[in-house]
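Working from the sequences, and respecting the hints, build out all of it.
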Amino acid sequence: MADVTADTSRTRTGSWNSDQARARTRKRYAAERRFRMYGIGALCFALAFLLILFTTIIGTGWTAFLQSKFLLNVTFAEDVIAPDGKRDEQALRLANWDKIARTALYQAIGADEANRKQRKDANELLSRGIDVQLRDMVLADPGLIGQTRPVWLLAHGNVDALLKGAIDRDIPEARRQLNDQQLAWVDAAVEKGILSKKFNSGLFTFGASSQPETAGLLVAIVGSFFMMLTVALLAVPIGVAAAIYLEEFAPKNRWTDLIEVNINNLAAVPSIVFGLLGLAVFINFMGLPRSASLVGGLVLTLMTLPTVIIASRAALTAVPPSIREGALGVGASKMQAVFHHVLPLALPGIMTGTIIGLVQALGETAPLLMIGLVAFVVDVPSTPLEPATALPVQIYMWASSAERGFVERTAGATIVLLGFLFIMNALAVFLRRRFERRW
Amino acid sequence: MDAAVAEKPTRFETVMTPAEPVIMKERKPKIVTEGVTVHYGDKQAIYPLDIEIPDRAVSAFIGPSGCGKSTFLRCINRMNDTIPTARVGGRITIDGEDIYDPALDVVQLRARVGMVFQKPNPFPKSIFDNIAYGPRIHGLARNKTDLEEIVENSLKRAGLFEEVKDRLQSPGTGLSGGQQQRLCIARAIAVNPDVILMDEPCSALDPIATARIEELIDELRENYCIIIVTHSMQQAARVSQLTAFFHLGTLVEVGDTEAIFTNPQERRTQDYIMGRFG
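As given, the protein sequences belong to chains A and B, one line each in that order.
Per this note's numbering, residue 1 is the first one in the first sequence, and the count goes up by one each step.
Per this note's numbering, residue 1 is the first one in the second sequence, and the count goes up by one each step.
The hints are simulated quantities; they were obtained by calculation from the structure and are not laboratory data.
Hints may contain errors.
Stated by the list, open to error - Calculated pairs, DMTMM-like style, for lysine to aspartate or glutamate (alpha carbon to alpha carbon, straight line, at most 20 Å):
#: 1; chain 1: B; residue 1: Lys125; chain 2: A; residue 2: Glu436
#: 2; chain 1: A; residue 1: Lys192; chain 2: A; residue 2: Glu173
#: 3; chain 1: A; residue 1: Lys334; chain 2: B; residue 2: Asp129
#: 4; chain 1: A; residue 1: Lys334; chain 2: B; residue 2: Asp166
#: 5; chain 1: A; residue 1: Lys334; chain 2: B; residue 2: Asp101
#: 6; chain 1: B; residue 1: Lys125; chain 2: B; residue 2: Asp166
#: 7; chain 1: B; residue 1: Lys119; chain 2: A; residue 2: Glu325
#: 8; chain 1: A; residue 1: Lys252; chain 2: B; residue 2: Asp101
#: 9; chain 1: B; residue 1: Lys125; chain 2: A; residue 2: Asp98
Unchecked claim - Label pairs and their in silico Cβ distance ranges:
#: 10; chain 1: B; residue 1: Ser170; chain 2: A; residue 2: Asn264; range: 35 to 43 Å
#: 11; chain 1: A; residue 1: Asn264; chain 2: B; residue 2: Glu163; range: 47 to 55 Å
#: 12; chain 1: B; residue 1: Glu163; chain 2: A; residue 2: Arg433; range: 30 to 38 Å
#: 13; chain 1: B; residue 1: Pro207; chain 2: A; residue 2: Ala241; range: 16 to 24 Å
#: 14; chain 1: B; residue 1: Gln108; chain 2: A; residue 2: Val281; range: 46 to 54 Å
#: 15; chain 1: B; residue 1: Asp166; chain 2: A; residue 2: Leu233; range: 43 to 51 Å
#: 16; chain 1: A; residue 1: Arg432; chain 2: B; residue 2: Gly35; range: 33 to 41 Å
Just so it is clear, CB atoms sit at the ideal spot from N, CA and C, and this is done for glycine as well.
This is the structure in structure tokens:
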């Protein structure tokens with residue numbers, strides 16, 4: 001029985017098929033399975049929340065991209081627009097555009113023009129912004145005067161809310177935004193096909209307004225664009241230059257260590273503090289105008305710089321030292337080695353980091369509150385020094401308005417902002433894929 | 001002189017094998033060093049070192065890891081300048097000119113003293129651009145035809161032209177390891193240097209590629225002063241005319257390669273060559 005004793009001695013010292021070894025293997029497999037389950041669980045949790053976020057935002061916001069409009073045969077009557085024969089801009093601006101629109105509406109829905117009550121009820125169906133719409137049409141093409149044209153005119157916010165199902169028809173007339181007569185007209189108009197929901201181009205072409213149907217994002221989009229331009233023109237060159245100097249040229253001593261630590265700290269400073277700094281330095285000390293997108297851009301530049309510097313330094317460090325040695329070895333100067341070899345290789349990383357920084361800046365609200373970008377701006381700014389708002393700030397302002405039209409616009413503006421962020425992120429991914437080099 | 005240095009002998013006697021190496025009689029010395037020392041921070045990497053390196057010959061530096069042979073090699077083109085903590089003392093002359101003279105431009109020096117590294121490190125550019133880079137920044141080519149000629153000649157001298165002549169525009173990183181290293185040699189000779197330093201150029205290559213590089217070094221010896229750092233004793237014996245043995249930051253023995261390998265004078269040299277340590 002010599003072989004039996006040999007067997008037991010082997011199992012005792014932990015052979016691969018002993019009971020203990022099998023138990024250990026089982027335990028190891030179980031631990032790995034458990035860990036995978038945790039991972040999948042965490043992922044599902046995150047995805048579920050993302051899904052909830054997107055469904056609510058898109059569910060609430062998609063109607064903001066549609067707007068109820070009346071199709072009316074508008075007669076640009078010369079005796080109303082230019083009774084004294086003057087057709088200069090000043091005269092056209094003062095013309096009674098409302099009357100033209102209302103006359104067309106009375107005809108279309110069959111309201112009695114002589115009845116004061118009926119006139120009032122009918123007038124409430126049209127948006128208060130239609131005078132601007134008609135005026136701009138005629139200013140653009142004065143030849144319209146004297147002609148009759150079918151025009152899509154904005155319906156009032158209440159009509160829009162009714163069409164989108166936001167007004168309950170069952171509540172008593174006295175407490176309803178639209179009375180029975182108006183409801184009947186609206187239903188008849190929908191029936192006739194002269195009232196329907198069209199694509200809401202106004203969302204992208206109007207500025208601020210107290211009526212939801214004429215409130216748009218253009219001022220915010222232009223303001224955000226100016227700010228991004230300022231950030232891109234300032235933060236990128238300054239940040240990349242600082243990163244190159246710190247990484248490639250600066251001596252490694254206590255001072256550069258201190259600078260490095262402080263740059264990392266700056267990246268963690270709450271953004272509202274940057275807003276206060278901007279208020280104190282750019283507006284109070286340097287005297288730049290309040291509410292200007294230039295100031296917003298400067299504040300966001302300060303906020304984005306640490307991100308750009310950190311990302312650029314990381315990209316530069318990732319370039320293998322053998323490339324620098326190779327360049328120096330053939331007699332390139334330090335600067336030639338950096339600009340001919342290291343920087344081109346680090347560029348995809350730098351661009352990605354920069355775009356991430358820009359995306360961060362685009363979504364930033366808090367510092368802008370401090371420098372007056374929370375403003376009711378109707379006219380689209382044509383320079384960065386004129387008053388403007390920013391996309392996230394516009395969302396913040398609309399979110400505090402009560403009308404049903406602003407609720408859907410808040411979500412709609414969020415979709416627009418997320419769209420811009422998504423496009424910029426996609427650009428970052430594309431640039432990285434396109435220019436990434438392997439060595 | 002500070003206490004730390006005073007405890008150790010400040011100068012080590014280097015043994016010459018034979019008393020005057022034959023190669024030094026045949027060739028004029030290209031590089032002469034006097035009392036070269038290197039410190040990394042507080043640590044001394046090289047103790048005062050004197051050596052003469054002949055022109056138009058291959059000199060091999062051998063010795064165990066960490067003995068300072070690569071450090072010394074990097075003094076010759078002042079590559080150690082790029083390490084912030086490194087300090088170099090003593091005097092190194094090339095053709096009688098002190099290369100640590102503050103008036104001398106280090107970029108010019110590196111154009112005259114080319115370097116090939118342990119790991120092939122072609123630039124992530126085309127084969128053509130890899131070689132054309134040096135001549136471009138030094139203004140060696142007057143026009144495009146000139147540049148093309150330099151690239152072609154460099155590739156021919158590095159024995160790579162036949163293999164890559166149809167794909168000069170494809171990336172240099174797409175070549176095999178041995179081809180990449182020959183590309184790096186071509187890149188080094190494209191700027192027309194006097195001296196080529198090679199820091200273990202074959203340690204990342206297979207035997208066939210190694211043989212190819214060794215052949216190439218042997219051919220280049222006609223025109224350049226070549227210094228090669230190697231861990232392979234056989235390689236030193238095969239390609240070099242002068243061999244220098246380094247140990248613990250000192251130059252122990254230097255002499256004709258044949259004499260060093262057949263009749264070393266120093267005990268440590270003999271032990272290393274016999275493979276008793278390393």
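The hints, checked one at a time:
no.: 1; hint: Lys125(B) x Glu436(A); result: 13 Å, holds
no.: 2; hint: Lys192(A) x Glu173(A); result: 24 Å, violated
no.: 3; hint: Lys334(A) x Asp129(B); result: 19 Å, holds
no.: 4; hint: Lys334(A) x Asp166(B); result: 33 Å, violated
no.: 5; hint: Lys334(A) x Asp101(B); result: 19 Å, holds
no.: 6; hint: Lys125(B) x Asp166(B); result: 16 Å, holds
no.: 7; hint: Lys119(B) x Glu325(A); result: 11 Å, holds
no.: 8; hint: Lys252(A) x Asp101(B); result: 25 Å, violated
no.: 9; hint: Lys125(B) x Asp98(A); result: 68 Å, violated
no.: 10; hint: Ser170(B) x Asn264(A): 35 to 43 Å; result: 42 Å, holds
no.: 11; hint: Asn264(A) x Glu163(B): 47 to 55 Å; result: 49 Å, holds
no.: 12; hint: Glu163(B) x Arg433(A): 30 to 38 Å; result: 31 Å, holds
no.: 13; hint: Pro207(B) x Ala241(A): 16 to 24 Å; result: 48 Å, violated
no.: 14; hint: Gln108(B) x Val281(A): 46 to 54 Å; result: 47 Å, holds
no.: 15; hint: Asp166(B) x Leu233(A): 43 to 51 Å; result: 45 Å, holds
no.: 16; hint: Arg432(A) x Gly35(B): 33 to 41 Å; result: 52 Å, violated
Consistency note: the structure conflicts with the earlier hints numbered 2, 4, 8, 9, 13 and 16.
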